[in-house]
Amino acid sequence: MSHLTAGIDVGSSSVKAAILRSVAGDHGELVASATQRIRRRNVREVARATFEEVCERAGLPCPALDSLSTAPFDYVASTGEADLVEGATGHFYGMTAHARGALFLDPEAAAALDVGALHARAIRMDPRGKVMRHRMTSQCASGSGQFIENIARYLGVPLEDVGTLSTQSPSGEEVSSICAVLAETDVINMVSRGIGAPDILKGIHLSLAGRLLRLLRAIGGDGKVVVTGGLAIDEGLVKALRETIAGERRGSKAVTSTIVADPRGVVAGALGAALLGAFRTEQLRRLGDARISAA
Amino acid sequence: MTSFDTLMQQARACVDDRRLERVRAWKQENPGALAIGHMPIYTPRPLLEALGCLPVAVFGGGDQVDVIRGDAYFQSYICHIPRSTIELALGGELEPLDGMVFPAICDVIRNLGGMWKLLFPEKWSAYLDLPQNFDRRLGGAFYAGELRRFARELEARGARPLDEVRLRAAIADENARRATIDELDVLRRDEPHRLRASEAYLAVRAGSAMTAAEHTAFLREVLVAARERQTRKLDNVRVVVVGSFCEQPPLDLIITLERAGCDIVADDMQLGMRMIEGAIDAPSAGRDSVDALADAYLDRGAATASRYIGELVKGRALIDRVRAVRAEGVVFAAASFCDPALLDQPMLEAALQREGIAFTTLKYAENTGQFQTIREQAGAFSDSVKLWGGAA
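For the protein sequence lines, the chains are E and U, in the order given.
So in our numbering, spot 282 of the first sequence is number 282, and the numbers just go up one at a time.
So in our numbering, spot 274 of the second sequence is number 1274, and the numbers just go up one at a time.
Since the hints were derived computationally from the structure, they do not count as laboratory data.
Partial chain E-side listing against chain U, Cβ under 7 Å, derived:
{"hint": "1", "residue": "PHE92"}
{"hint": "2", "residue": "TYR93"}
{"hint": "3", "residue": "LYS130"}
Below are the SDA-like pairs computed for lysine to any residue, each with C-alpha atoms no more than 25 Å apart in a straight line:
{"hint": "4", "chain 1": "E", "residue 1": "LYS130", "chain 2": "U", "residue 2": "GLN1372"}
{"hint": "5", "chain 1": "U", "residue 1": "LYS1233", "chain 2": "E", "residue 2": "SER69"}
{"hint": "6", "chain 1": "U", "residue 1": "LYS1233", "chain 2": "E", "residue 2": "ASP26"}
{"hint": "7", "chain 1": "E", "residue 1": "LYS130", "chain 2": "U", "residue 2": "GLY1356"}
{"hint": "8", "chain 1": "U", "residue 1": "LYS1314", "chain 2": "U", "residue 2": "ALA1104"}
{"hint": "9", "chain 1": "U", "residue 1": "LYS1117", "chain 2": "U", "residue 2": "GLU1095"}
{"hint": "10", "chain 1": "U", "residue 1": "LYS1233", "chain 2": "E", "residue 2": "PRO63"}
{"hint": "11", "chain 1": "U", "residue 1": "LYS1233", "chain 2": "E", "residue 2": "LEU65"}
{"hint": "12", "chain 1": "U", "residue 1": "LYS1233", "chain 2": "E", "residue 2": "PRO72"}
{"hint": "13", "chain 1": "U", "residue 1": "LYS1233", "chain 2": "E", "residue 2": "GLU81"}
{"hint": "14", "chain 1": "E", "residue 1": "LYS239", "chain 2": "E", "residue 2": "SER13"}
{"hint": "15", "chain 1": "U", "residue 1": "LYS1233", "chain 2": "E", "residue 2": "ARG286"}
{"hint": "16", "chain 1": "E", "residue 1": "LYS130", "chain 2": "U", "residue 2": "THR1373"}
{"hint": "17", "chain 1": "U", "residue 1": "LYS1233", "chain 2": "E", "residue 2": "ARG285"}
{"hint": "18", "chain 1": "U", "residue 1": "LYS1233", "chain 2": "E", "residue 2": "ASP289"}
{"hint": "19", "chain 1": "U", "residue 1": "LYS1027", "chain 2": "U", "residue 2": "ARG1205"}
{"hint": "20", "chain 1": "U", "residue 1": "LYS1233", "chain 2": "E", "residue 2": "ALA24"}
{"hint": "21", "chain 1": "U", "residue 1": "LYS1233", "chain 2": "E", "residue 2": "GLN283"}
{"hint": "22", "chain 1": "E", "residue 1": "LYS130", "chain 2": "U", "residue 2": "THR1361"}
{"hint": "23", "chain 1": "E", "residue 1": "LYS130", "chain 2": "U", "residue 2": "LEU1362"}
{"hint": "24", "chain 1": "E", "residue 1": "LYS224", "chain 2": "E", "residue 2": "GLU29"}
{"hint": "25", "chain 1": "U", "residue 1": "LYS1233", "chain 2": "E", "residue 2": "LEU68"}
{"hint": "26", "chain 1": "U", "residue 1": "LYS1233", "chain 2": "E", "residue 2": "LEU84"}
{"hint": "27", "chain 1": "E", "residue 1": "LYS130", "chain 2": "U", "residue 2": "ARG1354"}
{"hint": "28", "chain 1": "U", "residue 1": "LYS1363", "chain 2": "E", "residue 2": "ASP83"}
{"hint": "29", "chain 1": "E", "residue 1": "LYS130", "chain 2": "U", "residue 2": "GLU1355"}
{"hint": "30", "chain 1": "U", "residue 1": "LYS1027", "chain 2": "U", "residue 2": "ARG1149"}
{"hint": "31", "chain 1": "U", "residue 1": "LYS1233", "chain 2": "E", "residue 2": "GLU52"}
{"hint": "32", "chain 1": "U", "residue 1": "LYS1117", "chain 2": "U", "residue 2": "ARG1024"}
{"hint": "33", "chain 1": "U", "residue 1": "LYS1233", "chain 2": "E", "residue 2": "ARG48"}
{"hint": "34", "chain 1": "U", "residue 1": "LYS1363", "chain 2": "U", "residue 2": "ASP1320"}
{"hint": "35", "chain 1": "U", "residue 1": "LYS1117", "chain 2": "U", "residue 2": "LEU1128"}
{"hint": "36", "chain 1": "U", "residue 1": "LYS1117", "chain 2": "U", "residue 2": "GLN1075"}
C-beta atoms are modelled at their ideal positions from N, C-alpha and C, and glycine is treated no differently.
Please model the complete structure; the sequences and the hints are all you need to start from.
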């Protein structure tokens, strides 16, 4: 049976939405996706606007907020800050949604590396997408996208150019991988020493990659690892991750992770939520459970 | 018809009434009448109402009170509710209360009762030694004797004399309230999108300082408004929350569980209002309504941690409850250092494991302010049950 589902992922700096058409609650086709930065806007309004945008891209009507129905969608799934999504059918925990989204992007994925604005987490899942183990960065900002944003601002580099610039540097300038505050001090010193933006950014990416790979090692991150979250499209980070893994392979640590990058990784949470919504719709239909039929 | 939102605002105002303004107003309207506070879990409120007193449920300071002086009275390994209760009392916020009842829950509440006598010798206070022998001739006779003693002591303080007609009327009022709470529970169970657990919690707790009749009228308004609400159904996992019978979880914790994808279709919060399972029967021939109160506690008291009954009985009671409300999992939510809840938990977990029912455990304090960890744990549990049909 065919299902049309939507996923809305409210993160700390942006809202992502995806629409999916699937058969029997399994893999399907990504119909449309949309991302909006929150900036200083009301998050609830951004969530609604992102949903309206993705519906428009898909050529579908957006369910009215005061409607008791989610038509044309069988299920509208929220993830992230669920209470800010009005009119959702159900909610899925962020890690579950990212794990499922990663499997959509690569069905052979063994783990997801979700790098968002505020946190990064390594998630190991089984082939269904059930989270088996996870590790998350703590309060420190040096494992997050916000850290990259701050550095880009110090350097006067547009955020969208960060990845490309970083890939232009062969080895990067070493920065503290322990603390974002120390790293930012390092960067200020580097600028005053006349070190170029590509080398600084490469150093930052290598530092971040080191932290992320420690999370991966803690969950046994062998096999294919899909990068999800806002930094999935940061080619500098992806390259740094691959280089760091290659360096470890040459050394004594036997890390066999293969980094998978897909531009759709940015919306992996929303995509995963939409997939889980489809799975759930089918599951409830088979069980004859009417809990989400029209009130 | 008053709107649901307005009723919830009214309930919230009652719950937030830490200075007991409502009790002060009642005393002004009823000059000379006594207001009697009582700690969780269970105090027979109809007895107090029959004596012309206003029973006032005291749940500590919640997340609104900075405990400073209260900490001096209890060790660090003691739960939070006695500290905040002392803090409120020393700060004068419980001043409208003319007396306090400390029901038998645990050693901590017994100690709190002792401290009360030392701190406020001019006020009436009593330790309510609920029976652990459930034979009417032994535990029943003892308990009825205790209730009659309370009545005599309060009469000496200005309460009305105990009177069979008035006690019967008070029991009838309590039965009506209990029946209305049952209706709320049925609505929560069958249509949780119309009445969330956090909303039902507020509605019930609003009656902490109301007479049973007044509270019943309020609850009926909530029922009517909730049934009329136009809300969308949610695909949530149905859970029973247990362990929160004494120190109450912060309201935000209940909301956190809901936002994590849980419909709390049954719980043991504010257990005192539901302690007697069903109505209190009229006394049998040759017995009076005090005996009826005692019999109800012996025969139909909820199987909770402060009741020393066989572990299989408690385990069976939880399983029956889970089945009755069609729950898919159980959340053990106990206050930190709550010995009764935490000592019962292993046997309840064993019962759930035998039946293959998923559960998760968490701890809180009444003043917990950060819920991120609980939210992640509840979210993982909810997904696990919803998608894979088992524990995380």
